[in-house]
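Q: Sequence:
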Amino acid sequence: MSFRWWRFNDVDLFSEPSETQVETLSQIIRAARAEEPDADGSVLFGNLKGTVVGLRYYTGVVNRGEMVGLVREPQNQYDRNAVKVTNIYGNQVGHIKKELAAAMAYVMDRNLAKVEGVVHMGMTNTFSMPVMLSFWGKEEDRNTLMKYMASRGYKLNTGSSTGGNLASYSASDSSYKKGVTVPLTAEELKNAFDNLFDGLMESKDGEKEAVESVTTALLPHQKQALSWMCARENKDALPPCWEKR
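For the sequence shown, this note's numbering puts the final residue at 289, and the numbers step up evenly by one.
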């Protein structure tokens with residue numbers, strides 16, 4: 045998957061998210077991806093709410109806002125259509141509910157779409173949890189996929205903005221009131237920090253000298269990084285990438 049460059053100063057790092065609008069850095073990046081095709085020609089077909097079941101049988105843990113892996117298990121002794129759900133560390137969390145898994149198995153086995161999952165509420169009980177599924181594929185397969193899913197009783201949400209859909213989905217849970225830490229993939233993390241420090245390098249205003257006990261002279265980018273870290277510790281001192289809304 046490829047990622048579009050975006051401005052880090054579009055993100056408010058310090059304000060607490062409201063109950064009606066929760067949009068994480070990970071969601072913003074995925075929203076940017078939804079606006080243009082991937083390098084391999086993949087486009088977002090739509091989103092679908094699903095359910096992960098069997099949580100009590102596995103040791104894997106998923107927190108709010110985390111992405112999950114979706115792996116086909118055609119050799120599963122209980123269900124040949126099984127779709128295993130894993131956390132970001134590869135530990136199994138559960139399975140997609142049987143009825144939806146049957147439809148997803150057809151799609152995944154025939155490469156009609158790649159399916160990605162994000163959990164917005166975390167594991168609130170030991171039995172099941174909701175998951176938002178995103179279907180990506182080639183434009184020529186869109187109609188085939190949509191018709192097949194509809195024939196199985198599943199209609200994808202084809203809203204123009206993935207970020208907006210995800211935020212609305214998050215807001216629908218009244219218990220989702222506090223900010224969460226969202227682990228990013230290695231590629232997302234690299235892009236985020238690349239853009240962050242690109243923004244800092246554009247201005248000399250964000251430099252900070254080290255304390256006297258540090259005898260080594262800091263390079264410009266090190267001074268800017270120090271300024272940014274100090275600003276994160278003290279919210280009264282805002283870093284250069286912060287922008288009032």
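In short, the hints are calculated from the structure, not lab data. Treat the numbers as computed from the prediction; the structure is a model and nothing was measured. One thing to keep in mind: the hints can contain errors.
[Unchecked claim] Per label pair, the in silico range of CB-to-CB distance:
| id | residue 1 | residue 2 | range |
| --- | --- | --- | --- |
| 1 | VAL115 | ARG196 | 18 to 28 Å |
| 2 | VAL105 | LYS142 | 49 to 59 Å |
| 3 | ASN120 | THR168 | 21 to 31 Å |
| 4 | ARG124 | ARG100 | 14 to 24 Å |
| 5 | LEU263 | ARG154 | 45 to 55 Å |
| 6 | TYR133 | ASN187 | 34 to 44 Å |
| 7 | GLN121 | ARG154 | 18 to 28 Å |
| 8 | LEU262 | THR202 | 47 to 57 Å |
| 9 | LEU262 | ASN201 | 42 to 52 Å |
| 10 | CYS274 | THR202 | 18 to 28 Å |
| 11 | THR260 | ILE132 | 31 to 41 Å |
| 12 | GLY166 | LYS142 | 17 to 27 Å |
In this text, a Cβ means the ideal position worked out from N, Cα and C, and glycines have one as well.
Q: Each of the hints needs a verdict: does it hold here or not?
A: Status of the hints after comparison with the structure:
1. VAL115 to ARG196: 18 to 28 Å: With a Cβ separation near 20 Å, VAL115 and ARG196 satisfy 18 to 28 Å, so the hint holds.
2. VAL105 to LYS142: 49 to 59 Å: violated (23 Å)
3. ASN120 to THR168: 21 to 31 Å: Cβ of ASN120 to Cβ of THR168: about 26 Å, so the range 21 to 31 Å holds.
4. ARG124 to ARG100: 14 to 24 Å: holds (23 Å)
5. LEU263 to ARG154: 45 to 55 Å: With Cβ atoms ~53 Å apart, the hint holds.
6. TYR133 to ASN187: 34 to 44 Å: holds (37 Å)
7. GLN121 to ARG154: 18 to 28 Å: holds (23 Å)
8. LEU262 to THR202: 47 to 57 Å: Roughly 50 Å apart at Cβ, these two residues keep to the hinted range, so it holds.
9. LEU262 to ASN201: 42 to 52 Å: Holds, at about 49 Å.
10. CYS274 to THR202: 18 to 28 Å: With Cβ atoms ~45 Å apart, the hint is violated.
11. THR260 to ILE132: 31 to 41 Å: holds (36 Å)
12. GLY166 to LYS142: 17 to 27 Å: Between GLY166 and LYS142, where Cβ atoms are some 22 Å apart, the hint holds.
Violated hints, listed in ascending order, are 2 and 10; each of the other numbered hints is respected by the structure.
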